[in-house]
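Order-wise, the sequence lines are chains A and B.
If you count the first sequence from 1, position 265 lands on 265 in full-length UniProt numbering, and the numbers rise without skipping.
If you count the second sequence from 1, position 137 lands on 137 in full-length UniProt numbering, and the numbers rise without skipping.
By construction, these hints were calculated from the structure, which means they are not laboratory data.
Treat the hints with caution; some may be incorrect.
Taking lysine-lysine and the DSS-like style, the derived pairs with C-alpha atoms no more than 30 angstroms apart in a straight line are [to be verified]:
{"id": "1", "chain 1": "B", "residue 1": "Lys31", "chain 2": "B", "residue 2": "Lys110"}
{"id": "2", "chain 1": "B", "residue 1": "Lys238", "chain 2": "A", "residue 2": "Lys264"}
{"id": "3", "chain 1": "B", "residue 1": "Lys141", "chain 2": "B", "residue 2": "Lys238"}
{"id": "4", "chain 1": "B", "residue 1": "Lys180", "chain 2": "A", "residue 2": "Lys264"}
{"id": "5", "chain 1": "A", "residue 1": "Lys264", "chain 2": "B", "residue 2": "Lys255"}
{"id": "6", "chain 1": "B", "residue 1": "Lys180", "chain 2": "A", "residue 2": "Lys4"}
{"id": "7", "chain 1": "A", "residue 1": "Lys264", "chain 2": "B", "residue 2": "Lys48"}
{"id": "8", "chain 1": "A", "residue 1": "Lys4", "chain 2": "B", "residue 2": "Lys387"}
{"id": "9", "chain 1": "B", "residue 1": "Lys387", "chain 2": "A", "residue 2": "Lys353"}
Here are a few chain A residues that face chain B, going by a calculated C-beta distance under 7 angstroms [to be verified]:
{"id": "10", "residue": "Met1"}
{"id": "11", "residue": "Leu260"}
{"id": "12", "residue": "Val271"}
{"id": "13", "residue": "Ile273"}
{"id": "14", "residue": "Gly274"}
{"id": "15", "residue": "Gln280"}
{"id": "16", "residue": "His281"}
{"id": "17", "residue": "Met283"}
{"id": "18", "residue": "Cys302"}
{"id": "19", "residue": "Leu369"}
{"id": "20", "residue": "Leu372"}
{"id": "21", "residue": "Val378"}
Where a beta carbon is used, it is the ideal one built from N, C-alpha and C, also for glycine.
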Amino acid sequence: MDFKLNDEQRMLEETVGRLVRDAYGFETREKNRNSALGFSTEMWQQLAELGLLGVPFSEELGGFNGGGQELMVVVEGFGRALLLEPYLATVVLSGTVIDRLGSDEQKAQLLGSIIGGEQRFALAAYEGQAFYDHTQVTTRAVANADGYLLNGSKAVVLHGDSADQLVVIARTSGDDGDAAGLTAFVVAADAAGVSRRGYPTVDGLRAAEISFDNVQLAAAARLGDEGAALPALEAAIERGIVALCAEACGAMEVACDQTLEYIKERQQFGVAIGRFQALQHRMVDMRMALEKARSMTILAACSLELPAAERQRRLAAAKLIIGKTGRLVSEEAIQLHGGMGMMDETAVSHYAKRLVMIDHQLGDQQYHLQRLSALLAVDDDVA
Amino acid sequence: MDLEYTAEELAFRDEVRAFLREQLPATIAAKIKHNRRLTKDEHVLWQKRLHQRGWAAVHWPTEHGGTGWGPIERHIFDEECAAHHAPPMLPFGVSMVAPVIIKFGTEQQKQQYLPDILASNVWWCQGYSEPGAGSDLAGVKTRAVRDGDHYVVNGQKTWTTLGQHADMIFCLVRTDPNAKKQEGISFLLIDMNTPGITVRPLITLDGEHEVNEVFFDDVRVPVANLVGEENKGWTCAKYLLTYERTGIAGVGQTKSLLSHLKTVASEQIVNGRPLIEEPLFRARLADAEAELMALEMTNLRTVSAAADGGVPGAESSFLKIMGTVLRQEITDLFRRAAGPYAMPFLSEGDDAVGPEFAGAVANRYFNYRKLSIYGGSNEIQRNIIAKAILGL
Chain A
1 MDFKLNDEQR MLEETVGRLV RDAYGFETRE KNRNSALGFS TEMWQQLAEL GLLGVPFSEE
61 LGGFNGGGQE LMVVVEGFGR ALLLEPYLAT VVLSGTVIDR LGSDEQKAQL LGSIIGGEQR
121 FALAAYEGQA FYDHTQVTTR AVANADGYLL NGSKAVVLHG DSADQLVVIA RTSGDDGDAA
181 GLTAFVVAAD AAGVSRRGYP TVDGLRAAEI SFDNVQLAAA ARLGDEGAAL PALEAAIERG
241 IVALCAEACG AMEVACDQTL EYIKERQQFG VAIGRFQALQ HRMVDMRMAL EKARSMTILA
301 ACSLELPAAE RQRRLAAAKL IIGKTGRLVS EEAIQLHGGM GMMDETAVSH YAKRLVMIDH
361 QLGDQQYHLQ RLSALLAVDD DVA
Chain B
1 MDLEYTAEEL AFRDEVRAFL REQLPATIAA KIKHNRRLTK DEHVLWQKRL HQRGWAAVHW
61 PTEHGGTGWG PIERHIFDEE CAAHHAPPML PFGVSMVAPV IIKFGTEQQK QQYLPDILAS
121 NVWWCQGYSE PGAGSDLAGV KTRAVRDGDH YVVNGQKTWT TLGQHADMIF CLVRTDPNAK
181 KQEGISFLLI DMNTPGITVR PLITLDGEHE VNEVFFDDVR VPVANLVGEE NKGWTCAKYL
241 LTYERTGIAG VGQTKSLLSH LKTVASEQIV NGRPLIEEPL FRARLADAEA ELMALEMTNL
301 RTVSAAADGG VPGAESSFLK IMGTVLRQEI TDLFRRAAGP YAMPFLSEGD DAVGPEFAGA
361 VANRYFNYRK LSIYGGSNEI QRNIIAKAIL GL
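Please take these sequences and the hints and turn them into a complete structure.
Here's what the structure looks like:
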């Protein structure tokens, strides 16, 4: 057993750490957030130059060939800075679907453009009435002479407003909730019949409602076999869960640090409020939540290659714990900051918002508790 | 990073499993599984079997007859023992007083006490707490006054776990009443057969006799029984506490409890179907399982960090809080799994009423309230973390 990072992972950690320290202070982040795009294209180019957009992809494609641990190390650094750029949408979610399903040619072209920072992608998977169930897909792609005709709509597509290309999950056969019959397509965001309504999210990111009205796709737009996209979609969600857990750890760490610093400085009744035991114990519970979150993130990051049942169990448990601990850290960070915690200008409020919104991505704690319940095994009692 | 055990660690685990299968009497395992109290003889029998295998003192150095195991081996051993329902190791001799004797004792004390602790020939108990000094140990009032070659001890200890069986007690006593709180305390070893000692049972809320009051009335203790220097007992006390906190997460026991609970819940039929299929109960089980995974990983991270030597620091306070809260939650679920059969109160030896598992669930639930109180209450653990880790 070994919990230490290897040399390459430490190098990645340092690269990300240096980048966000030097180029991503809170003021810069706020400036980027308030720009029309909602993030910085210069930053995106820097991520490309440092090779960070290629972390999960193979070396032949120009990537880093990283697994869950490398993803964890990188995204945790992003979480510390509340990075706004569409790494999750482009690299983790869309990138994984393309990587799993694409032909060699599609991978070279599409992943190449991701790694180089030339194109940004968004994964259009979830739908309005589906909550967090990724098999509830009513968007349909019907084969025709030129390829497929796409109709339907997708909800809260992360960074769907600014993506150049969309990876769309559509049903080519079967009914709502069926595991079979889902197919992935790459659709240009400006294709005829695609309409997007972009908006900011509570935590300062961007998303979009996207509808497809008789969008004509070429046959070559299809990724992988018809009707067989589910395993790739689930792999993307699992990677996404590792990324969200890691991002939450980074954000929680900063929220804890800033709160600790605040209660050591803020004076009330003639002493620093951190002298009060009632506050000390709440601060301890925040730090304990961070330790739990970190433990589960490590577990999730090291579990992506395991057989399905154990992998799903661990990922559901990790996302559940992240949901619980993220809420606790957020609420306590605001509470211990008092009125200052309610202010937009106080950085910690933004950490709190991101942590709570992470619970609304790729399944909240209720959803993952249900999943874990379904996977509950009665194991052998030894004695 | 690699969360898997190495080949050597897996081989070690197999060795432990084989030993437990061969040496642990089924009657004892059944008692532990169903939360029944062991007799003194049963405790001693198990300790002696461990001693025969060379595994009585898992964290002692090998020169004194310990295993010399590192934190990961100790973790594996704990986990396997719990999974097989082995009796928990009695800590008073082997993990509490012995490390203090090894660290601060004279050569003569080491020779006199350590072999009998190792072989479980002598039963020790702990004399720390007093009616006025629970978690605030520095408040001890029991007096020891020097009189020639003896100390004369007067005072009272309380919450003395299994003191009714003990041959020896290690005590914190006040040797300088005028010194500041922590500076006038000494660490004394006292023979329980000395005239002037009275042990009185305290019956806890679960109806059990586990703890005692111990009264000292002009008890004469040889000066040779002082460990370390006079008035420097606080150093010994603190050192002992760090040992008390190793293995504090209770991962092995929690796994075993949860595993048993799942079996019970799949056998209990409620409204025509197994309790485990009832969504709300199942969700609480799943939640406990997620918390257990977080506890285990946090424990492994701490164990792994300590693997280079030394004992865990204030991080073990996180483990104490997380571990005790989770075990208490599981004992609550056991109580619910028994339904109305949680209610019958059974004394030791009474025939079971209702399902076999149900007899002791309420008792254990109440007994386990102690987990967040003893060994430094969970509030004290928070104070420790606030000070040592957060710098508050």
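Quiz prompt | Violated hints, by number in ascending order, as checked against the structure | solution = Going through the list in order, the structure violates hints 1, 5, 6, 7, 12 and 13 and respects the others.
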